[in-house]
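Undergrad: Protein chains in written order, with the numbering used here: chain A, 1 to 106; chain X, 1 to 106; chain H, 1 to 106; chain W, 1 to 106.
A couple of the hints might just be wrong.
What the hints assert, rightly or not - Below, simulated BS3-like cross-link-like pairs (lysine-lysine); rule was C-alpha separation at most 27 Å, straight line: (1) H:LYS35 <-> X:LYS38; (2) A:LYS38 <-> H:LYS35; (3) H:LYS16 <-> X:LYS38; (4) H:LYS52 <-> A:LYS38; (5) A:LYS52 <-> W:LYS52; (6) H:LYS35 <-> W:LYS16; (7) X:LYS38 <-> A:LYS35; (8) A:LYS35 <-> X:LYS52; (9) X:LYS16 <-> A:LYS38; (10) A:LYS35 <-> H:LYS16; (11) W:LYS52 <-> X:LYS35; (12) H:LYS52 <-> A:LYS35.
Since the hints were made in silico from the structure, they are not lab data.
Protein chains: 4
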Amino acid sequence: MTDVLAQLATVLEARKQADAGESYVASLYQSGTDKILKKLGEEATEIVIAGKGGDRDEIIYETADLWFHSMVLLAHNNIDYQLVLEELDRRFGLSGLTEKANRTKS
Amino acid sequence: MTDVLAQLATVLEARKQADAGESYVASLYQSGTDKILKKLGEEATEIVIAGKGGDRDEIIYETADLWFHSMVLLAHNNIDYQLVLEELDRRFGLSGLTEKANRTKS
Amino acid sequence: MTDVLAQLATVLEARKQADAGESYVASLYQSGTDKILKKLGEEATEIVIAGKGGDRDEIIYETADLWFHSMVLLAHNNIDYQLVLEELDRRFGLSGLTEKANRTKS
Amino acid sequence: MTDVLAQLATVLEARKQADAGESYVASLYQSGTDKILKKLGEEATEIVIAGKGGDRDEIIYETADLWFHSMVLLAHNNIDYQLVLEELDRRFGLSGLTEKANRTKS
Numbered sequence: 001m002t003d004v005l006a007q008l009a010t011v012l013e014a015r016k017q018a019d020a021g022e023s024y025v026a027s028l029y030q031s032g033t034d035k036i037l038k039k040l041g042e043e044a045t046e047i048v049i050a051g052k053g054g055d056r057d058e059i060i061y062e063t064a065d066l067w068f069h070s071m072v073l074l075a076h077n078n079i080d081y082q083l084v085l086e087e088l089d090r091r092f093g094l095s096g097l098t099e100k101a102n103r104t105k106s
Numbered sequence: 001m002t003d004v005l006a007q008l009a010t011v012l013e014a015r016k017q018a019d020a021g022e023s024y025v026a027s028l029y030q031s032g033t034d035k036i037l038k039k040l041g042e043e044a045t046e047i048v049i050a051g052k053g054g055d056r057d058e059i060i061y062e063t064a065d066l067w068f069h070s071m072v073l074l075a076h077n078n079i080d081y082q083l084v085l086e087e088l089d090r091r092f093g094l095s096g097l098t099e100k101a102n103r104t105k106s
Numbered sequence: 001m002t003d004v005l006a007q008l009a010t011v012l013e014a015r016k017q018a019d020a021g022e023s024y025v026a027s028l029y030q031s032g033t034d035k036i037l038k039k040l041g042e043e044a045t046e047i048v049i050a051g052k053g054g055d056r057d058e059i060i061y062e063t064a065d066l067w068f069h070s071m072v073l074l075a076h077n078n079i080d081y082q083l084v085l086e087e088l089d090r091r092f093g094l095s096g097l098t099e100k101a102n103r104t105k106s
Numbered sequence: 001m002t003d004v005l006a007q008l009a010t011v012l013e014a015r016k017q018a019d020a021g022e023s024y025v026a027s028l029y030q031s032g033t034d035k036i037l038k039k040l041g042e043e044a045t046e047i048v049i050a051g052k053g054g055d056r057d058e059i060i061y062e063t064a065d066l067w068f069h070s071m072v073l074l075a076h077n078n079i080d081y082q083l084v085l086e087e088l089d090r091r092f093g094l095s096g097l098t099e100k101a102n103r104t105k106s
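Whole structure, please, built from the sequences with the hints as guidance.
TA: Structure below.
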């Protein structure tokens, strides 16, 4: 399951060669940055609505939508999604935090 | 790098035992759903601003923030983040899409 | 021009009797709260994009969209828009603030 | 009550001469466009949360916040708020719509 983001990144890269009429992702690329950002804003609103409503399936569904469109934004800007994971790793010091968390739990 | 989300999920779970005064994540849990959703909305706005500005480092930074807070929302609702990856895998049929993408490229 | 909000409120009230197939506002009412909130979130994202882009006409256009859909939310909840103006008046103490502002300028 | 927006616009204009340390609005102007847009995004998220929650007082309060910060955005860009009302009037053809709405009701 850990490779889903890697696979998605591969697909999003490949879609840059696709026809906008046949691929949703290609149509987003062609519409440009503003359209991608509007979709991101829409999905963020929908996750807020789902989160406030408290429906687990909707939260999962809308989070998937949000992650998907943020991956599209990264791809459109030729940014490797692994840089985001590295930023998470660096900022929240995950290795250290995990150790500390484990110590706290024991 | 693929294990960053798994490590983050472990940390977020451990933080449920932490003191709100000592952990940002614990303070978010304690403040409750509305506070977590407000943070998500803020981060979404910041990614839109960063995306419109076109600064790569800001896009990476804000995407990390957005993913982080959506992981907090999942943890707060006791939802395994892997269900989101499964949803991405299922909805976008990544295996199939990858094949198709590869065929399109060849 | 000051009566535009009053006229809009009258129209929005009248639309509660309209057919969803013939009126955009009636279709929003029928779709319900989540749909109206999604539109509000979309318009907010678009005003952020317009504001970051710095195009005056787009800022005006998107602000009109945002105010329109917030008026729809109020009408859908049977809330008089004048209560919002009263809140602005009360919270920011406009009479007092105006005086103080005028004094500051003189 | 119809003059609240006009009074607010006057105050917001006057605040351009104020010290950022003594006026919230002046501090927003000084922080710049990104900060004002972030506040707009935050307020939009809060109105979505309030609208989903269905609490009338919160809806009124958050709508006031949203209108206030959109008035700040207009002022920061030297845009007369009446242009937004004119856009609402023009786009939704309020005079005509009112007539049609009245006819529909009769």
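Undergrad: Each hint should be assessed against the structure and marked as holding or not.
TA: Hints, one by one, checked against the model:
no.	hint	in the structure
1	H:LYS35 <-> X:LYS38	holds, 19 Å
2	A:LYS38 <-> H:LYS35	holds, 16 Å
3	H:LYS16 <-> X:LYS38	violated, 31 Å
4	H:LYS52 <-> A:LYS38	holds, 13 Å
5	A:LYS52 <-> W:LYS52	holds, 7 Å
6	H:LYS35 <-> W:LYS16	violated, 38 Å
7	X:LYS38 <-> A:LYS35	holds, 23 Å
8	A:LYS35 <-> X:LYS52	holds, 11 Å
9	X:LYS16 <-> A:LYS38	violated, 34 Å
10	A:LYS35 <-> H:LYS16	violated, 32 Å
11	W:LYS52 <-> X:LYS35	holds, 14 Å
12	H:LYS52 <-> A:LYS35	holds, 14 Å
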